[in-house]
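Protein chains in written order, with my numbering: chain A, 1 to 348; chain B, 1 to 348.
These are calculated hints, taken from the structure and not from any lab test. Certain hints may be false.
Identical chains share a label here; the pair holds if one copy fits it or two copies do between them.
Unchecked claim - Straight-line C-alpha distance at most 35 Å; calculated DSBU-like pairs for lysine-lysine: (1) Lys-250 x Lys-170; (2) Lys-50 x Lys-235; (3) Lys-170 x Lys-6; (4) Lys-235 x Lys-122; (5) Lys-178 x Lys-122; (6) Lys-170 x Lys-334; (7) Lys-217 x Lys-81.
Number of protein chains: 2
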Amino acid sequence: MSTKVKAYGTSSTENPLEEITIERRTVQAHDVEFEILYCGICHSDLHQIKGDFGAFPPPIVPGHEMVGRVTAVGNHVTKFKIGDLAAVGCIVDSCGHCEYCEDGIEQFCDEGVTFSFNSEDKISGGHTFGGFSKTYVCNEKYVLKMPAFEDLASAAPLLCAGITVYSPLKHWGAGPSKKVGVLGIGGLGHLAIKIAKAMGAEVVVFTTSPNKVEDAKRLGADEAVLSSDAEAMAKYSRQLHFIIDTVSAKHDVNVYLNLLRHDGTVVLVGLPPEPLEIGAFNVIMGRRSFAGSNIGGIAETQEMLDFCFEHNITAESEIIPIDYVNTAFERLEKGDVKYRFVIDMASL
Amino acid sequence: MSTKVKAYGTSSTENPLEEITIERRTVQAHDVEFEILYCGICHSDLHQIKGDFGAFPPPIVPGHEMVGRVTAVGNHVTKFKIGDLAAVGCIVDSCGHCEYCEDGIEQFCDEGVTFSFNSEDKISGGHTFGGFSKTYVCNEKYVLKMPAFEDLASAAPLLCAGITVYSPLKHWGAGPSKKVGVLGIGGLGHLAIKIAKAMGAEVVVFTTSPNKVEDAKRLGADEAVLSSDAEAMAKYSRQLHFIIDTVSAKHDVNVYLNLLRHDGTVVLVGLPPEPLEIGAFNVIMGRRSFAGSNIGGIAETQEMLDFCFEHNITAESEIIPIDYVNTAFERLEKGDVKYRFVIDMASL
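Whole structure, please, built from the sequences with the hints as guidance.
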């Protein structure tokens, strides 16, 4: 049993997004259905519609930073009732019994996690459609309780951008007496600054854009360094405990490895399409690491939402109507957004 | 005050090593002098005499895996008396007061560690001369108490190769219920197999050489895999907790990152001259790390010697006279040694 739902999608990597109709399963015993109020736009939406992660059968409906209000619940649902705020991020299903799921890192599920769009849908068949649509239906296990953020629209990007930076900051111990570097100020980087500061760390931002230096400080960074300024960079040699690298283009991570103290880590959360080169001495000296991190598990995503609500952290966002979405993707590709687009889904 | 000492060295990267005379300082209050009985040959000796790490003023006397017997001690020496076995590895001096030295990782000393050869000698002036010589003089802080190994010659390589693998195996928790990969079987790799087994880990060896598969098992590996065998490699996907990578040539570490479980680490201890390429997804998926490690501190080197003595671990070595050393370097360059040359210094 399924319901027709209005959405925004594309049938080809060549075409712009347009209004289409998709089908969502009707609510099962453990399902929650919610009306999507706001949906953030993430760089990986752009990658997917362009086919950067490989071909995918049409239609593609992107969107994985959804905030909404519950419109229906299955018989066995205990976490939600109609009218509650709810949110869904990247993960909408996983096996639930592998060691990864048991450890709360469902994103690495042994049987393959189901993402909120462009994933094989193991429950309904076909593939999943994302949040550029009127409603979403999901097992309550993967639905987050959305705190009542004053600016609910700007909280939507927390569902992917927020957890993507919160998880490694937490895992690698950002907090008081730690010096944390943030590399790149975009959707991810600007939230990393806010979250790392709220965790109590000293935050140093590295950017290639002179016009972002002041912005980094406005966002809460203790210091902001233009990465082309060799003298300023040298000042941080062997100074940082941890650097979160949000850059999605090819770049020289060796420069940043050398800013780490011993046992420090540069953790990549961006997705550069080309491999990054690492010189042996840059990890061997100081027992440094180059690591990666990918979103976070469901329990940790809930923890992040509660943390951000408590610390009044949301994304800096530009709220747009759905018919602006193709222009928004063009601007996103050029880096022309401060710092996240969020679609007001009432416009659909 | 100094003493003339017979040594084997070279005045140019073009020339073979030959007998020369160097000067060593006479024993100071905290110094230990010992007659060098055995000295191992390490790949980094070869790098240094070839100038791979940059030009260095002549003469170069390599050798940093020294085992000997104490012949003189300064007035304030408490750790040694004449006749004791003693050993010196890579580190012969450091500032002693930076956080690295205080943390027992003198190899990363903020003011720059003094290596046993080809380092600025901050005590005597000039530069340090290594273990291809009759005697060595060193502050007792950097002299190790050498356990009475039955095969003392074959214990010499522990001073560099041994600590280079022991330190990361310990740091990353190799032990019971851990599956540890060893990449490459040479001077470092063959000791990594023995030490990881003695720590209680399950050891899987990866090699490009069909003729080393059996040898890996003889050395104690639970399994040995030919890295060109895609089917055998696939069996280890997401299986290993930790991989120690001893390869000193350019190679594809992505293959090995994908053999790691979540939160696993590939740690490089080899010194490939070219950068290694890492694809973003290979670290992002599973929160994996690519790290490096460089020898170990003095206290940890002592701990390693005691551990190896207790577990009867020495290198598989080919004992040679000093006048064979140029041929040994040629063979080392071709990988023609199983697995470490050790010079019987009585031949000098």
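Hints and how they fare:
Taking identical chains as interchangeable, the C-alpha atoms of Lys-250 and Lys-170 lie at most 35 Å apart whether they share a chain (26 Å) or sit on different chains (34 Å). Taking the closest pair of Cα atoms, Lys-50 and Lys-235 come within 35 Å of each other only across two copies (33 Å); inside a single copy the shortest separation is 40 Å, beyond that limit. In this assembly of identical chains, Lys-170 and Lys-6 lie within 35 Å of each other by CA distance neither inside one copy nor across copies; the values are 38 Å within and 57 Å between. Taking the shortest alpha-carbon separations for Lys-235 and Lys-122, only the inter-copy value of 26 Å comes in at or below 35 Å, while the best intra-copy value is 52 Å.
When the C-alpha separation of Lys-178 and Lys-122 is checked against a cutoff of 35 Å, the pair qualifies only between copies, where the shortest distance is 33 Å, while the shortest distance within a copy is 43 Å. Taking the shortest alpha-carbon separations for Lys-170 and Lys-334, only the intra-copy value of 31 Å comes in at or below 35 Å, while the best inter-copy value is 47 Å. Taking the shortest alpha-carbon separations for Lys-217 and Lys-81, neither the intra-copy value of 41 Å nor the inter-copy value of 61 Å comes in at or below 35 Å.
The structure does not agree with the numbered hints 3, 7 stated previously, though it agrees with the rest.
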